[in-house]
Amino acid sequence: MTRGLTWTRALADGPVDGAVPSVITADCTLNGDTARLVAVVPHQESPYHRARKGEVGLLEGLGIAEAVTAVLTEDARLPEDRRRPIVAVVDVPSQAYGRVEELAGIHHALATAVDAHARARTAGHPVISLIVGNALSGGLLAHGSQANQMLALDDPGVVIHAMHKRAAARVTMRTVEQLDELARRVPPLSYDVSDWAKLGLCDDLLRVEHADDPDEQDVRRVKDALAAAVQRARSGPRDLSNRLTSPDALRTRAASHRVREELSAQWR
Amino acid sequence: MQTLTYEFPASRPAARRTHVGVVGSGDLEVLMTPADGTARVRVRTSVDGFDTVWRTVLERFFARNPVAADFELNDFGATPGVVVLRLRQAIESGSSQGGTEGAA
Amino acid sequence: MTRTDWQAMLRRTSFIELNARQRARALLDDGSARELCGPFDRIESPWLEPQGVVPQSDDGVVVMKGALDGDPAVVVAVEQAFQGGGIGEVSGVKMATALSLAARDTRAGTPTPAVLLLETGGVRLQEANLGLAAVAEVCSAILELRALQPVVGVIAGSLGCYGGMSIAAALCTRLIMTEEARLGLNGPEVIESEAGIEEFDASDHPLIWSLDGGRQRVGTGLADTLVLDDVTALRTAVIDAVRAGMPAEQRSRRIKELRAALEAVDPARPPEPAALADVWARAGAKGDGR
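Line order of the protein sequences matches chains A, B and C. Heads up: the first sequence is residues 1 to 268, going by full-length UniProt numbering. Heads up: the second sequence is residues 1 to 104, going by full-length UniProt numbering. Heads up: the third sequence is residues 1 to 290, going by full-length UniProt numbering.
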C-alpha cells in the first residue's frame with residue numbers, strides 16, 4: 001500500500017472512492033469543516049501501462065480535474081467563506097512517460113487538473129496540499145502545486161523535486177555524487193524535505209512518528225495541522241503570493257523579489 | 001567556469017551601451033557600457049583553461065578597435081571567430097546612430 | 001501545397017531564425033516595443049554561477065511591453081538557446097510578474113493581453129525546486145490574466161515546448177504553432193530513457209512530429225492555428241487571436257470533452273496519429289469552444 005492511499009484512508013471519515021480507480025476521494029472532518037481529500041494512487045490494471053504505479057497520466061489528470069470540479073459545482077451557491085476545503089494528498093512518483101500519453105495530449109490532461117485546483121483556490125475553497133511521499137515534477141505540478149498552503153511530512157520518505165536523482169544527474173551531465181555535493185551548497189537542488197521547507201514554499205513541516213503506517217496520534221497531529229492551514233487559507237491571499245512573502249522566501253527568493261520590484265517599477 | 005578580466009588602453013569613446021548575442025552553445029553575449037579611456041573586459045566562460053587564447057584574441061581586437069567601454073562577456077564555448085564577430089557587432093551597434101540596443 | 005503558399009514561402013522572413021528579443025520586437029507594432037528588466041538590469045539567476053554554469057544577463061526571458069495593432073500588450077519570450085529554454089527562478093518570476101501586472105492594468109481599465117513565446121524544455125534542472133515553483137506560479141498567473149484578457153501562446157520552433165511549460169501552454173486562451181514546432185509533456189529523449197526504446201525511439205523524427213508537431217496538435221484541437229514560419233504570418237495570427245477575445249469555454253476547462261477524447265482511444269490499440277483527429281471528431285471530443 002502506498003503512502004497516498006494509507007494517509008487518505010487514515011484521514012477519511014468513511015470509505016474512499018473515485019470516478020477513476022487511480023484517483024480516490026474521501027471526506028475528512030477538520031474542526032467544523034468537511035474537507036474533500038483527493039489522491040492519486042497506483043492502479044495495477046490500468047490500461048495505460050506507463051501509469052500503473054501512481055504516476056499522473058491521462059486518466060489521472062482528468063480524474064483530478066473531475067474530482068475538484070465536482071466540489072466547485074456542488075458548492076457554487078455557498079458563500080465563498082463556506083466553500084469546502086480541498087486537500088490534495090500528494091504521493092506521485094512522476095507524470096506518466098509514454099507514447100500513447102503524448103499522442104492523446106497528457107500535457108492537456110494535466111492542465112485541466114492545474115486549472116481545476118487554481119479555480120477552486122480563487123473561488124474561495126481552501127486548497128491544501130499534504131505531501132506524504134513523492135512529489136515529483138509534472139506530478140506535483142498537476143496535483144499540489146496550486147494550493148494556498150503546502151504541508152509536508154518531515155520524513156526521509158518525502159521527496160520533492162523536479163526530476164528523480166538518477167535522471168537529473170544524466171540530464172545535467174553529472175554523477176549522483178556530484179549532484180549530492182552541489183545540493184549541499186545550492187538548496188533548490190536538494191532532495192531533502194527539510195531543505196525544501198527552507199525555500200519558503202512550505203507552510204508547515206509535520207513531524208509524525210509513523211509516516212508509513214500512521215497511528216492515532218499521527219493522524220490527530222496531521223488533522224490539526226490541516227485545520228490550521230484551512231484557517232490560514234481562508235484569511236490569506238487567494239493567489240500564490242505567500243510563497244514569496246514567507247520569512248524563508250524573503251531570504252531564499254531575493255532574486256524573485258528583485259524581479260517583482262524592478263518589473264513593477266519599469267511597467268507603465 | 002572561469003572568470004577572467006583584462007584591460008586595454010582605448011581612445012575611441014563608445015556612443016551608447018549595447019547588447020548582442022546569447023549564452024548559447026558556441027555563442028556568447030556581450031554587454032558594452034561606455035567608459036573613459038580604457039577597454040575593461042570581464043569574461044565569464046564555461047570552458048576553463050583558455051586564458052592565453054582570450055588574451056591574444058582580445059589584445060588583437062582592441063589594438064585595432066580601441067573602443068573605451070566596459071565589456072561583459074558571458075561565454076558558452078564560442079570560437080575566437082564568433083567572439084570577434086560579437087565584439088564587432090557590439091561596437092558597431094554602439095556607435096551607429098540608427099542602431100537599436102540589442103538589435104542582434 | 002498551393003501555388004500561393006509557395007509564393008508566400010518565397011517572400012517570407014523566417015521567425016524561427018530570430019532570437020527571443022527579435023521575436024518579441026517583431027510581433028509588436030513598429031517602434032512601440034520597450035524591454036523591461038533587460039540585459040543591463042543584470043537580474044541573473046543566483047543559482048547558476050555557484051554550479052559553474054555561466055548565467056545570462058536576462059536569464060533567458062525577454063519581457064517587451066508595447067502596442068499590438070494599436071492596443072497595449074505584453075510579449076514574454078523564452079530564449080531557447082540559453083539553457084534549453086529552461087525556466088528558473090528569475091525567468092519564471094519575470095513571466096509570472098508580467099502576466100500579473102497585465103491583469104492589474106486590465107482591472108484598472110487598460111486591457112492588456114499577453115503573448116507568450118514558448119520555446120522551452122520546461123523546468124531548469126539546475127534550479128530544480130525553485131524552477132518547479134516558478135512554473136507553478138506562471139500557470140497561476142496565466143489563469144489570473146486569462147480570466148480577463150486573452151493569453152496567446154506561440155510555439156514557433158525549433159526547440160518546442162515541453163515539460164511543465166507544456167502545461168502552461170495548454171492553459172493559454174489560444175495556441176499558435178508552425179509545422180516546425182512541437183508540443184508535448186515529455187520530450188522524446190526523456191521517454192526513451194525512462195521507458196525504453198520500444199516505448200519511444202527518440203531518433204525517430206517522423207514519429208516525434210506525428211505526435212507533437214504543430215500540424216498534429218492543431219488538427220486534433222490541442223492547438224488552434226497553424227501558421228507558416230513567417231514574421232508577418234505570425235504577427236497576423238497573434239493579432240487575430242487577441243482580437244478573437246475570450247472563447248465560450250477555455251480549453252483547459254473542457255473536461256467533458258477530454259473524457260470523451262480519452263474514452264475514444266484504446267490505449268492497447270491506439271489509433272495512428274494521422275487518424276486521431278477523425279477518431280476524436282466522431283467522439284465529439286474536438287469541441288470548438290470558440
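Errors might be hidden in some of the hints.
Said to hold, decoys possible - Not the full set, but computed from the structure, chain A residues with beta-carbon under 10 angstroms of chain C:
id : residue
1  : 21
2  : 49
3  : 106
4  : 118
5  : 157
6  : 161
7  : 194
8  : 195
9  : 217
10 : 219
11 : 228
12 : 231
13 : 250
Said to hold, decoys possible - Ranges between beta-carbon positions, derived for each pair:
id : chain 1 : residue 1 : chain 2 : residue 2 : range
14 : C       : 274       : A       : 184       : 48 to 56 angstroms
15 : A       : 235       : C       : 284       : 53 to 61 angstroms
16 : C       : 110       : B       : 4         : 30 to 38 angstroms
17 : C       : 13        : B       : 51        : 34 to 42 angstroms
18 : A       : 157       : C       : 275       : 39 to 47 angstroms
None of these hints come from the bench; they were simulated from the model. Note that CB positions come from ideal geometry on N, CA and C, so glycine has one too.
Consistency of the hints with the structure:
no.	hint	result
1	21	violated, 14 angstroms
2	49	holds, 8 angstroms
3	106	holds, 5 angstroms
4	118	holds, 5 angstroms
5	157	violated, 17 angstroms
6	161	holds, 6 angstroms
7	194	violated, 12 angstroms
8	195	holds, 8 angstroms
9	217	violated, 30 angstroms
10	219	violated, 28 angstroms
11	228	violated, 22 angstroms
12	231	violated, 22 angstroms
13	250	violated, 14 angstroms
14	274/C / 184/A: 48 to 56 angstroms	holds, 50 angstroms
15	235/A / 284/C: 53 to 61 angstroms	violated, 43 angstroms
16	110/C / 4/B: 30 to 38 angstroms	violated, 47 angstroms
17	13/C / 51/B: 34 to 42 angstroms	holds, 41 angstroms
18	157/A / 275/C: 39 to 47 angstroms	holds, 44 angstroms
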